[in-house]
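**Student:** Residue strings, one per chain:
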Amino acid sequence: MIQLAGINKTFNVGKPNEFKALKGIDLEVALNEVSVFIGPSGSGKTTLLSILGCMSRPTSGRIWLNEREITSLPERFAAEVRRETFGFIFQNYNLIKGITVLENTMLPAYPTGIGHRVIRDRAVSILERLGIESKAREPVEHLSGGERQRAAIARALINRPSIVIADEPTAHLDSALARMLLDIFAGLKQEGKTILIACHDPLVFESPVVDRVISMRDGGIV
Amino acid sequence: MKWIERQRAFIDFTLSSLWRRKAKNLSLLMVYALVIFLLSSVIFFTQALRKEAEAVLDGSPQMIVQRTVGGRHSLIPTDYAEKIVQIRGTSSVKPRLWGYYYHPATRSNYTIMVPENYPRPDDTVEIGAGVLRTWGPLRDGSFYFNAHDGETVFLKAINTMTNETDLVSADLILMSETTFRKIAGVPEGYATDLTVRIRNERESQTIARKIIHVLPDTRPILKEEIIRTYSSIFDWRGGYVIVLLGGGVLAFFIFAWDKATGLSAEEKTEIGILKGIGWDTSDILTMKFWEGAVISLTAFLLGVISAYVHVYFASATLFEHALKGWAILYPEFTLRPSVNAFQLAILFFLTVVPYTLITIVPTWKVAATDPDVVMRH
Amino acid sequence: MVVRKSTGFLILLFVGSLVMAGLFFIHPRLHRDDCERGLAKRRHLVRELQLTDLCLFTEARYTRHLSQADLHSPFQDYPMAFEHFPSGSLVLPPGHLAR
Ligand SMILES: Nc1ncnc2c1ncn2[C@@H]1O[C@H](COP(=O)(O)OP(=O)(O)OP(=O)(O)O)[C@@H](O)[C@H]1O
Ligand SMILES: [Mg+2]
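Residue numbers (my numbering), protein chains in the order written: chain A, 210 to 431; chain B, 162 to 538; chain C, 27 to 125.
Don't read these hints as lab results, they were simulated from the structure.
Any given hint could turn out to be false.
Taking lysine-lysine and the DSSO-like style, the derived pairs with C-alpha atoms no more than 27 angstroms apart in a straight line are [what the hints assert, rightly or not]:
1. A:K224 <-> B:K526
2. B:K255 <-> B:K244
3. B:K384 <-> B:K255
4. B:K163 <-> C:K31
5. C:K31 <-> B:K183
6. C:K67 <-> B:K384
7. B:K183 <-> A:K306
Can you make the complete structure from the sequences, with help from the hints?
**Tutor:** Shown next, in the form of C-alpha cells:
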C-alpha cells in the first residue's frame with residue numbers, strides 16, 4: 210500500500226513565478242494493481258509521479274510505502290529506494306546514447322555492487338522476454354521507437370523493482386505497439402508488480418488491464 | 162567484494178562513455194601523454210645530468226686559480242705557483258695548460274689540453290671520440306692545425322678515447338706541451354691556470370681568501386663551486402627548466418580546464434538520467450573520478466614510460482636537437498638511471514591528481530540537483 | 027566472449043605499472059655494473075686530466091667550461107656575437123659569481 214498525505218508541491222517558492230503544482234493530495238494506491246493518472250496537461254501528473262518515485266521531495270506532506278516513510282530520507286537512501294523499489298520508464302525513454310542496449314539495461318544495477326555476470330544474465334533474460342535480445346549489442350540509437358521503449362522497460366526492470374512508474378508510455382507509439390506495451394504491463398502485474406502510469410491515451414486507461422483510474426485537475430485529485 | 166564490483170561497474174560505464182568520442186578522447190590522451198612525456202623527460206634528464214656532474218666532477222681539482230686581467234680570464238705566470246705553495250694548508254700547485262681551438266672547415270670548437278704526463282711524441286694527439294666524428298676529412302691520416310704564428314702543423318691521432326667518457330671528453334684534443342705552446346701561443350713561463358691541492362678541504366675557503374690577499378689579480382674557484390654550478394643548472398625546480406615547462410603545462414591545463422568545466426548539455430542530461438535511474442550523487446562523482454583517472458593514469462604511464470626509454474635508452478635524442486643549438490659537437494652518452502620513487506610521486510601529483518580533480522569538480526553541482534528534471538526531457 | 031571493458035583496462039593498467047616498475051626499479055639494477063664501469067672511467071679521466079666541466083655545449087667559452095667562466099665572458103666573444111642559443115640561455119652564471 211502506498212499512502213500519500215497532504216502532498217503539496219510548490220515550484221519557485223517565494224519568487225514572483227511561484228507555482229503550486231500539487232495542492233494537498235491525499236491518496237491511497239493499492240499494490241499489485243495497475244493505476245492510471247489522467248488529467249489535462251499541466252494538472253500535475255508528472256510532478257506527482259516524480260514525488261512518488263523519490264525523484265523529488267514534496268514541499269510538504271508525507272508518503273508511506275508499506276508503512277515506511279520515504280519522503281524525508283537523506284539523498285543516499287532516497288537514491289537507494291529509487292533504485293531498488295522503483296523502475297522508471299520515461300516519456301522520452303532517456304536511454305544513454307552511444308552505448309549498447311545491454312549496457313543501458315544494466316546501468317541501474319551498477320551502484321548495487323551485484324556481480325557483473327549476474328546482472329548481465331538478468332539483463333539478457335529480460336531482453337529476451339521483451340523480444341529484443343537480438344539488439345542487445347547495438348547502440349541504442351540504431352533502434353526503432355518501439356524497440357527503444359522496450360529497452361527502456363528492460364532497464365526499468367533490471368533491479369526487480371516492486372513498483373514500475375511510466376510517464377506517458379504510449380506517447381510515441383502507434384496503437385499496435387501500445388497494445389503490446391499493455392500486454393507487457395499485464396505480464397508484470399501478474400508477477401506481482403505495482404504499475405503507476407500517467408497518460409492521456411484512452412487506449413491505455415480504458416484497457417481491461419487497468420484496475421484504477423485516478424483523475425487529476427489543477428494539482429488536485431477529482 | 163561489493164565495493165570492487167561497484168568500482169569495476171563504474172569503470173565499465175566510463176570506458177563505454179569515453180569510447181563514444183574516440184577521436185576526441187584519444188587525441189586528448191595523446192596530448193596529455195605528450196605533455197607528461199616532455200615534463201618527465203626533462204626531469205629525468207636534468208636529474209641524471211645533475212647526478213652525473215656530482216659524481217664525475219667529484220674528481221675535479223680542489224681549487225683552480227685563474228688570473229684575471231681587465232675582467233677577463235688571462236694567462237697566469239707559472240711562478241705564481243711558488244707564492245701559493247707557501248700558503249699554509251696547500252700541498253701542491255700545478256700549472257694547467259688548456260685552451261680552445263676553432264676549426265674553420267667545420268666551424269667547430271675543440272678543447273686542446275696538455276695532460277700532466279703526455280707520454281707520446283710531439284707530433285701526435287690523443288682525441289676524444291667526438292673529434293673524429295666532427296673534424297671532417299683528415300690529410301694523410303693527420304689533423305691539420307693553424308698554429309698561433311700562422312704555421313701549419315700536422316698531428317697524427319694515435320689514440321681515441323672511448324666514448325664511454327664522451328660526457329667529459331668528447332671534444333678534447335690532448336697534446337704535448339711543446340705542441341700546445343706552438344698552436345695556442347701560450348709563452349713559456351705562463352699557464353692557463355693553476356690547480357691547487359689542499360690538505361684539508363674544509364680550509365679551502367680560508368686558503369682562497371689568503372690567495373686573493375697574496376695575489377690580488379687572481380680568482381680561485383673551489384671544487385664545491387664547480388659542483389654547485391652544475392647542480393643549479395640541472396635543478397628542475399629552479400632555473401630555466403621550470404619556466405620552459407611551465408608554459409607547456411599551463412597551456413595543457415587551460416585546454417583541460419576548458420574541456421572539463423564546460424559540461425555539455427548532453428553530459429548534464431546523462432547525469433540526470435543516471436540519477437533518475439537510481440544513482441546517487443556519490444555514484445556519479447565516483448564514475449567521474451574514474452573518467453579522470455582512466456585518462457590521466459593511462460597518460461601518466463604512457464608518458465613516464467616513454468620518457469624513461471627516451472632518456473635512458475635513446476640518450477635523450479629529442480633534447481640533443483634542442484640543446485645542441487650552435488654546438489656542432491654533442492657528446493654521445495648514456496645516462497645512468499637515477500630516478501627515484503620521490504620524483505615519480507611528484508610527477509604523479511603534478512599530473513594525475515589535478516586532472517582528475519578538474520574532471521570531478523564541475524560535475525559536483527550538476528550531480529547534486531534533484532533528478533526530477535529527467536522526467537521532463 | 028568479449029572481455030569486459032574494466033577487465034581490459036585493469037589488465038592494461040597492471041601491465042603498464044609492471045613495465046614502469048621494471049624500468050624504474052629493476053632496469054637500473056641490471057645495468058649498474060656497466061654504469062659504474064663507465065662512471066669510474068669518466069672519474070678517472072677527470073682526475074687525471076684535472077677536468078672541471080661536462081662537455082655539453084661546445085660553442086662558447088662560457089658554455090663549454092661554464093664553471094670557469096668569468097663574469098663578462100658571455101659578452102666578450104666579439105662585439106656582434108649572437109647569443110648562443112639555446113645553451114646560452116640554459117646555463118646560469120657560475121654559482122660563485124652570482125653570489
Ligand atoms: N520545475 C518547475 N518549475 C516551475 N513550474 C513547474 C516545474 N515543473 C513543472 N511545473 C509546472 O507544474 C505544472 C504541472 O506539471 P506536470 O508536468 O506535472 O503536468 P502534467 O500533468 O504531467 O502535464 P502533461 O500532461 O502535459 O505532461 C505545470 O503547469 C508545469 O508548468
Ligand atoms: Mg507530464
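**Student:** Of the numbered hints stated previously, which ones are contradicted by the structure, given in increasing order?
**Tutor:** Structure breaks no hint.
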